[in-house]
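*Asks:* Chains A and B, in that order, give the protein sequences.
Every number in our numbering is 150 more than the matching position in the first sequence, counting from 1.
Every number in our numbering is 150 more than the matching position in the second sequence, counting from 1.
For the record, the hints were derived by calculation from the structure and aren't laboratory data.
Be a bit skeptical, because a hint or two may be false.
Claimed, not checked - Within a straight-line C-alpha distance of at most 27 Å, the following computed DSS-like cross-link-like pairs (lysine-lysine) qualify: (1) Lys-220(A) - Lys-328(B); (2) Lys-384(A) - Lys-182(A); (3) Lys-331(B) - Lys-220(A); (4) Lys-303(B) - Lys-331(B); (5) Lys-384(A) - Lys-181(B); (6) Lys-220(B) - Lys-331(A); (7) Lys-311(A) - Lys-351(A); (8) Lys-184(B) - Lys-331(A); (9) Lys-384(B) - Lys-181(B); (10) Lys-384(B) - Lys-204(A); (11) Lys-228(B) - Lys-276(B); (12) Lys-181(A) - Lys-384(B); (13) Lys-328(B) - Lys-328(A); (14) Lys-228(B) - Lys-316(B); (15) Lys-182(A) - Lys-373(A); (16) Lys-164(B) - Lys-372(B); (17) Lys-182(B) - Lys-164(B); (18) Lys-184(A) - Lys-373(A); (19) Lys-303(A) - Lys-316(A); (20) Lys-204(B) - Lys-384(B); (21) Lys-384(A) - Lys-384(B); (22) Lys-181(A) - Lys-164(A); (23) Lys-373(B) - Lys-182(B); (24) Lys-220(B) - Lys-328(A); (25) Lys-372(B) - Lys-182(B); (26) Lys-384(A) - Lys-204(B); (27) Lys-331(B) - Lys-184(A); (28) Lys-328(A) - Lys-315(A); (29) Lys-303(A) - Lys-442(A); (30) Lys-351(A) - Lys-303(A); (31) Lys-228(A) - Lys-315(A); (32) Lys-351(B) - Lys-276(B); (33) Lys-384(B) - Lys-328(B); (34) Lys-164(B) - Lys-181(B); (35) Lys-316(A) - Lys-228(A).
Stated by the list, open to error - From the structure, some residues in chain A lie toward chain B, with a derived Cβ separation under 7 Å: (36) Thr-200; (37) His-329; (38) Val-400; (39) Leu-409; (40) Thr-415.
Remember, predicted model here, so these are calculated numbers, not experimental data.
The beta-carbon is built from N, C-alpha and C at its ideal position, and this holds for glycine as well.
2 protein chains.
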Amino acid sequence: MNDKQFQQVLSYLKGLQDSICNSLEIIEPDKKFKQDAWTHANGGGGRTRTLRGKVFESAGVNFSHVLGDKLPGSATAKRPELTGSGFEASGVSLVIHPNNPFIPTSHANVRVFRTTGGGNVNDDNKWWFGGGFDLTPYYPFDEDIVHWHQTAKDACAPFGKEVYKKFKAWCDEYFYLKHRKETRGVGGLFFDDLNQWSFEKSFEFIQAIGNAYVAAYLPIVKKRMDTPFTEQHKAFQKYRRGRYVEFNLVYDRGTLFGLQSGGRTESILMSMPPEVSFRYNYQPESGSEEEKLYDYLAPRDWV
Amino acid sequence: MNDKQFQQVLSYLKGLQDSICNSLEIIEPDKKFKQDAWTHANGGGGRTRTLRGKVFESAGVNFSHVLGDKLPGSATAKRPELTGSGFEASGVSLVIHPNNPFIPTSHANVRVFRTTGGGNVNDDNKWWFGGGFDLTPYYPFDEDIVHWHQTAKDACAPFGKEVYKKFKAWCDEYFYLKHRKETRGVGGLFFDDLNQWSFEKSFEFIQAIGNAYVAAYLPIVKKRMDTPFTEQHKAFQKYRRGRYVEFNLVYDRGTLFGLQSGGRTESILMSMPPEVSFRYNYQPESGSEEEKLYDYLAPRDWV
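Modelling step: build the complete structure from the supplied sequences, incorporating the hints.
*Replies:* This is the structure in C-alpha cells:
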C-alpha cells in the first residue's frame, strides 16, 4: 500500500464518518452530532462525534488516524516478522445505543493498518484491513435480524461465495462472553488481517462493508422507533446493556489495547451505554418477553 | 499450613462473613441478606449473600472455598517453583454500594491460598494470605477518610512499624486506573503473597484486618446515611460508579481470573454497582462540589 493508496483509504474513512452521521441525524429530530477533534502525542489524531438525542440515547461515531513507533504485541502475535516495525492505522468505529428498547444496539468498524519500516520489516508497506458490524437486540424480531444479515450477505457477495459465511462465523466467535456462555447479540460480520486479496479488491470490500452498515441498521431503527414501551422494557434494556459493558471491558481487543496503550480514553469508552443496571443473579421470568432473548444468544443461520 | 490450621482459617472466614452481614443488617431497617449456597465443579463452593435495601442500594458479601488441580498462571508468575501444583483457596470478599452519595462505596477482602502437591512442589503446604480494604467516596469528607485510615493503621500497628505504610502504598498502587490517571478512591490497605511471617502471626493479621473493616466503615455509614441529597448528587454518584466498573473489569486480577477460569459469574460480578451511567467526556464544573473529588484521586498521607 503506497502513500497515495493509504491517503485514498483515509479519505474514504473520513467521508464514511460524515455520511453515517448525516444518515443518523435525519431521523433524530432536534440534535446534531458534536465533534471533538483531537491529536495524539505520537502523531495523528481523530474526530470523535457524539450525539445524545431522543431516538439515539447515545451515539458515538469516531474517526481516528494514529501513528506509532512500534506495532503493538496484539498486532505482531500472528506476524512475528513485523516485530519492531512502525505503523499507521486508521478507522471508523461506532456504537449506537437507541432509547427505545425495541431498537437493537449496533456497532460497526472498518480499519486499516500499514507498516512504516523498522524492526524486521524488509518491505515497509505491509498492510491489512479489518472491520465488520454486529447487532445487539433486547427484544429481538426475526425479520429485523434477517434483514441485517441479508444486507451483510449482499455486501459480501461480489467478493466470493464463502466471504459472508466465513466472516459471519468469525463474528459469532469474536463477540462471545465466555463467562456467560452467550454471544453479545445476533452477530453480523467480523474480519481481521485481511490482506490475501489485492489492495484494490480489499479496499472495495471495506467500502462495501462501510456503506452497508446504514442500509442494514436504519430500516430497523425506523421500523421500531415509535413502538410504545414500558418501564419494564426499559429496565430490561438497561440490565442487558451490562453485558455490553462486560464484553467491551473484559474481551474487546480494540478497547483493551486502546486503554492500555495510552489511546484517548473518552473516544474509546464512548462505546459504553449511557445508563446501565447490574442486578445480582437476575433471571427473566419463565415465558416472559424477556426470556425470549436468551434463545438468540447462540450462533444461528439467518439467511 | 497443615489441615487443622487451614480449617481454622476457613472457620474464621465463615464467621467473618456472618459478623459483617450482621453488622450491616443492624442499620438496614427492613431487609436481611439473602444467601445463595453454591458448589463448584472442581470441588468446594461458597455462600453468596446479597442485600438490596434502603441504606445499602446493593451489598454483596461472599465466602468461597475453591479447589483446583493446577495453580493459575497469575499465582505462579512470581512462584515458578509451584507450577503445576494443586491448590485450595478461600476468602471473604465484599463490595457495598450505598444509596446515599455521601456514603462512600467500600470493598474488603481476606483470602488464603495453600498448595496441595503435584507439579514441582516438594512441600505440599506452601501457603500465603492476601487481603485489604479500600474506600471510594463520591463526595469526600476528610474526617471520614482519616477515620478509615486511622482504623487501618491501628489494625496494622501490632504487626510491625512499617506494615501500614507498606500496605497503604500497595493499595494506592493496585487500585489505580492507568487510562484515567486516577486512583479508584482514597485507598486503605492491600497486600498479597503474605508468608514471610509465621502462620500464627499471619493468621492473626488476617483476623485483625477482617475485623477492622466494620470498625472502619460503619461509623462513616451512620454519620452520612441521613444527609439529604439531590438528583444531581445521585447523578454524579452513578457517573463515578462507572469508574468502579472500569477498574473491576479492566484491571482487577481477582475479577479477571475468576471470569476467565470458570468461577461463578454472579458471585464475581456482584461487585458491580446497581445503577451506573456513562457520559462521554463529562467534566465537573469548575468550582463545583463534584470537582472537589478529583483532588482526592491521587495517593495522599492521611494519618
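*Asks:* Against each hint, give a clear statement of whether it holds in the structure.
*Replies:* Checked hints:
no.	hint	in the structure
1	Lys-220(A) - Lys-328(B)	holds (20 Å)
2	Lys-384(A) - Lys-182(A)	holds (24 Å)
3	Lys-331(B) - Lys-220(A)	holds (23 Å)
4	Lys-303(B) - Lys-331(B)	holds (26 Å)
5	Lys-384(A) - Lys-181(B)	holds (26 Å)
6	Lys-220(B) - Lys-331(A)	holds (23 Å)
7	Lys-311(A) - Lys-351(A)	holds (15 Å)
8	Lys-184(B) - Lys-331(A)	holds (26 Å)
9	Lys-384(B) - Lys-181(B)	holds (22 Å)
10	Lys-384(B) - Lys-204(A)	holds (22 Å)
11	Lys-228(B) - Lys-276(B)	holds (14 Å)
12	Lys-181(A) - Lys-384(B)	holds (26 Å)
13	Lys-328(B) - Lys-328(A)	holds (26 Å)
14	Lys-228(B) - Lys-316(B)	holds (19 Å)
15	Lys-182(A) - Lys-373(A)	holds (21 Å)
16	Lys-164(B) - Lys-372(B)	holds (25 Å)
17	Lys-182(B) - Lys-164(B)	holds (17 Å)
18	Lys-184(A) - Lys-373(A)	holds (26 Å)
19	Lys-303(A) - Lys-316(A)	holds (11 Å)
20	Lys-204(B) - Lys-384(B)	holds (14 Å)
21	Lys-384(A) - Lys-384(B)	holds (19 Å)
22	Lys-181(A) - Lys-164(A)	holds (21 Å)
23	Lys-373(B) - Lys-182(B)	holds (21 Å)
24	Lys-220(B) - Lys-328(A)	holds (20 Å)
25	Lys-372(B) - Lys-182(B)	holds (18 Å)
26	Lys-384(A) - Lys-204(B)	holds (22 Å)
27	Lys-331(B) - Lys-184(A)	holds (26 Å)
28	Lys-328(A) - Lys-315(A)	holds (22 Å)
29	Lys-303(A) - Lys-442(A)	holds (25 Å)
30	Lys-351(A) - Lys-303(A)	holds (17 Å)
31	Lys-228(A) - Lys-315(A)	holds (23 Å)
32	Lys-351(B) - Lys-276(B)	holds (16 Å)
33	Lys-384(B) - Lys-328(B)	holds (26 Å)
34	Lys-164(B) - Lys-181(B)	holds (21 Å)
35	Lys-316(A) - Lys-228(A)	holds (19 Å)
36	Thr-200	holds (5 Å)
37	His-329	holds (4 Å)
38	Val-400	holds (5 Å)
39	Leu-409	holds (4 Å)
40	Thr-415	holds (5 Å)
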